[in-house]
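**Q** Put the complex together from the two separate chains, hints included.
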Amino acid sequence: MDPLLKIATFNSIPNQEYALYGSVLESQVDTLLHRLKGLCGTLPGNGDPFEDHYISYSFKHVSPPIVVRTARSLIQNVVPWKFQYYGTEQSDSNRSVTQRQIIDACCSVKIPTFLQEGLGFQMDFEYIMKGYSFAKNRVKISVGRVYTAPRDASGSSVLAGEPVSGSYLVEVSTVAFGGNTDEPSDKDVIQFAEQLKSIVKLERFDPKRLPA
Amino acid sequence: MGITWVLVYPTPEGKTHNQALEDLGKQLLAMGFEKDQPYTVECETYFPVFNLPGPPKIFHVILDSDRPASCFLVPDKDPLGLSIVAERSFMGFLGKLSKAYSAKKSTNVEVKGTSYLFHDFTVRPGVLTIMGSVRGIVLETELRSCPVLITAVELMKEFVNTILPTPIDAPPPFLSSRIAAGAIPVSHLDTVLQYFDMFKSVRNSMIPK
Chain S
1 MDPLLKIATF
11 NSIPNQEYAL
21 YGSVLESQVD
31 TLLHRLKGLC
41 GTLPGNGDPF
51 EDHYISYSFK
61 HVSPPIVVRT
71 ARSLIQNVVP
81 WKFQYYGTEQ
91 SDSNRSVTQR
101 QIIDACCSVK
111 IPTFLQEGLG
121 FQMDFEYIMK
131 GYSFAKNRVK
141 ISVGRVYTAP
151 RDASGSSVLA
161 GEPVSGSYLV
171 EVSTVAFGGN
181 TDEPSDKDVI
191 QFAEQLKSIV
201 KLERFDPKRL
211 PA
Chain G
1001 MGITWVLVYP
1011 TPEGKTHNQA
1021 LEDLGKQLLA
1031 MGFEKDQPYT
1041 VECETYFPVF
1051 NLPGPPKIFH
1061 VILDSDRPAS
1071 CFLVPDKDPL
1081 GLSIVAERSF
1091 MGFLGKLSKA
1101 YSAKKSTNVE
1111 VKGTSYLFHD
1121 FTVRPGVLTI
1131 MGSVRGIVLE
1141 TELRSCPVLI
1151 TAVELMKEFV
1161 NTILPTPIDA
1171 PPPFLSSRIA
1181 AGAIPVSHLD
1191 TVLQYFDMFK
1201 SVRNSMIPK
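For the record, the sequence lines run as chains S and G. FYI, in our numbering the residues of the first sequence are 1 to 212. FYI, in our numbering the residues of the second sequence are 1001 to 1209.
Keep in mind the hints are simulated off the structure, nothing from the lab. Be careful, since some hints might not be right.
[Stated by the list, open to error] Partner residues are not named here, just some residues of chain G that face chain S (Cβ under 7 Å, in silico):
no.	residue
1	L1052
2	P1056
3	K1057
4	P1075
5	L1082
6	I1084
7	S1089
8	F1090
9	G1092
10	A1100
11	F1118
12	D1120
13	R1144
14	C1146
Just so you know, even glycine gets a beta-carbon here, dropped at the ideal spot from N, CA and C.
Chain G with its partners taken away, still in its complex shape (with noise of 0.2 Å):
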């Protein structure tokens, strides 16, 4: 396990989503990456079916094909704090909870690519979709040989600065925050929590204002 950073990839104007993913495919490969399998991240979210005292209690299940044993449970209410990773069989047991919390299809997410293999990084570049619909690209970048957080900033801007056409100048705001609490070693769960994080942005901004 090392460390993942989760950026949006903008999509250059007057290209679709799914060419700007083709086009990037074909510069990872050009820049000598090697490509590896297909990778699928879903989000599907479950709602109270009845209210009870207090707020409302959602919860998100995330999986990532990468990851085929596990699957991560995060509360909309403190993620940080409260989400968990469990065996992929606690999934069974959502379904015994149906008369309590029911999963809404219109909210899950998907986020679907290839993922490409340079030396001790990966790179998942992929398309994130809502209901069937194309809502931008996501480029996970891991750093598979280095678990510390906090030595490897320069490092991974440096590399992700490479491949993304607008060069960042700091690591996405979930780790920054992350770093500033010290928290070291990095586990699946930061990375999926990253996900979650953009994966509630989009779902915002898809809420006309």
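Next comes chain S alone, as it looks inside the complex (with noise of 0.2 Å):
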């Protein structure tokens, strides 16, 4: 590749991600969502409600499967789909954070039918997660809902249905440059949850801990 090209390739763009996750009952919410607003300050776009529609692909052909997923606001209709892609989970244990790789995308809205028609995925399932989200420096908060996401009789639009489940899901993350930075990111994730801590317990995610 001519070297004017790589200027602004993957290599530039950071892709790990350092995240913590936890959940709060619906009753709970806006005392979190009080905390938050006090945390994170009076920014533009802090506490702003999102709706966003999920839809993970796989490809099946290959061991072990390639998963991804896109994502589209059904708030904002003018913003592009983006397409996720997110590496294995750094499975050492005396980790604190969960660190993935994340190729985050922004695409034209034709990428479902690319990744089907195109490439050979399969579409396996989708959702809705509604909530807000917010930014304090490098660290993004998002507390969300997911909800089922029925179709109408045409296929082609999506509303969202009912709630799976009674709570919310948080997600503390920040997404930085992998390696050995002199600035460890975890730390502000980490920083951050303990703000939370009285309000609601923030984990790493435990992928032995899913049913299998």
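**A** Structure, rendered in structure tokens:
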């Protein structure tokens, strides 16, 4: 590849995600949102509601299968779709946060057909995530609930259906350069999680606890 | 984003493609064009590693140095209906697909040249190479001030005919079909698909019959 073209290649884009997860009951979510508003300040965009439609796809002809997802906003329809790929989790047990590789790219709206017709991916499931997002420096916090995504008769439009559970998922994450950086990014995430400790307990995502 | 026509610039007999490109550059400067920066358009083709049921899913990745944050993904089947534009970070995902799709170096196509500016027009003449062998000259002409395909057909025709040694009387075939379909406004994907059409025909002409 020409050196000129290399300027914007994925090498220079942060691609390691550090995250902690937790959940709160619906009755407590207002307390959490109040606390987050206090912690993150009143910058524009903080505490804004979001409603995103996620579709998960997999390519099952290889082992392990390649799993990707697309996301789009149901509130703003002028923003592009997002394509996301998550790598396997760094499974070193003394780590305190989930660290995964993430490839995140904005795409044309035709990304679902491109994945299915063009590359041979299969759609597995879809859901809608509704909630509020915050940001503090490099840390992103989202508080949201998963909804089913029933399709109308034509199969083209999707609206949030029933909530899947009575609680809200809380995610505190940051994306940074991988490797040995001077500034460990997991610190930011852990520090922020400490400040929420009285309301929500945030933990590393443990795939071993998932039902097989 | 304006209207773009991608055309073949016929190399005069008795000259190499590189000489012809040099002459064209001199001609453009003499006509009052301003020299801008070098550019590259590249096309990599990915083939499936193993056979899947159904027709083989081949796709092409086209990169343009003047659009450094984007990559263009063009499936071999139905390019107009399925092609997408993605952020350049999508290229990182192609490596993850290596068990399923791999790029064949022998099919890489590259167009390299320098762009020139003239008022509202940008002209990008460049040499087209496949596997290091020069195959011809590509002339991309863009009218930056107009995004509606149908309104500028006559103006574009007149403009490109001042540069081309042999005049043309119709837009490139890909655009004619877009105009007929009433497709407005244009996006950079329309430009990339014109390059793709050209790469395909050049590649096909290389296969011995």
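**Q** Does each hint fit the structure? Answer for all of them.
**A** To see whether the hints hold, each was checked on the structure:
1. L1052: Since chain S brings a Cβ to about 6 Å from G/L1052, closer than 7 Å, the hint holds.
2. P1056: Result: violated, 10 Å to nearest chain S Cβ.
3. K1057: holds (5 Å)
4. P1075: With a minimum Cβ separation of about 4 Å from chain S (threshold 7 Å), the hint on G/P1075 holds.
5. L1082: holds (5 Å)
6. I1084: holds (4 Å)
7. S1089: holds (5 Å)
8. F1090: holds (4 Å)
9. G1092: At about 4 Å, which falls below the 7 Å cut-off, the nearest Cβ of chain S leaves the hint on G/G1092 intact, so it holds.
10. A1100: holds (5 Å)
11. F1118: Status violated, d = 23 Å.
12. D1120: violated (25 Å)
13. R1144: The hint is violated - G/R1144 has no Cβ within 7 Å of chain S, the shortest such distance being about 21 Å.
14. C1146: violated (23 Å)
The structure shown violates the earlier hints numbered 2, 11, 12, 13, 14.
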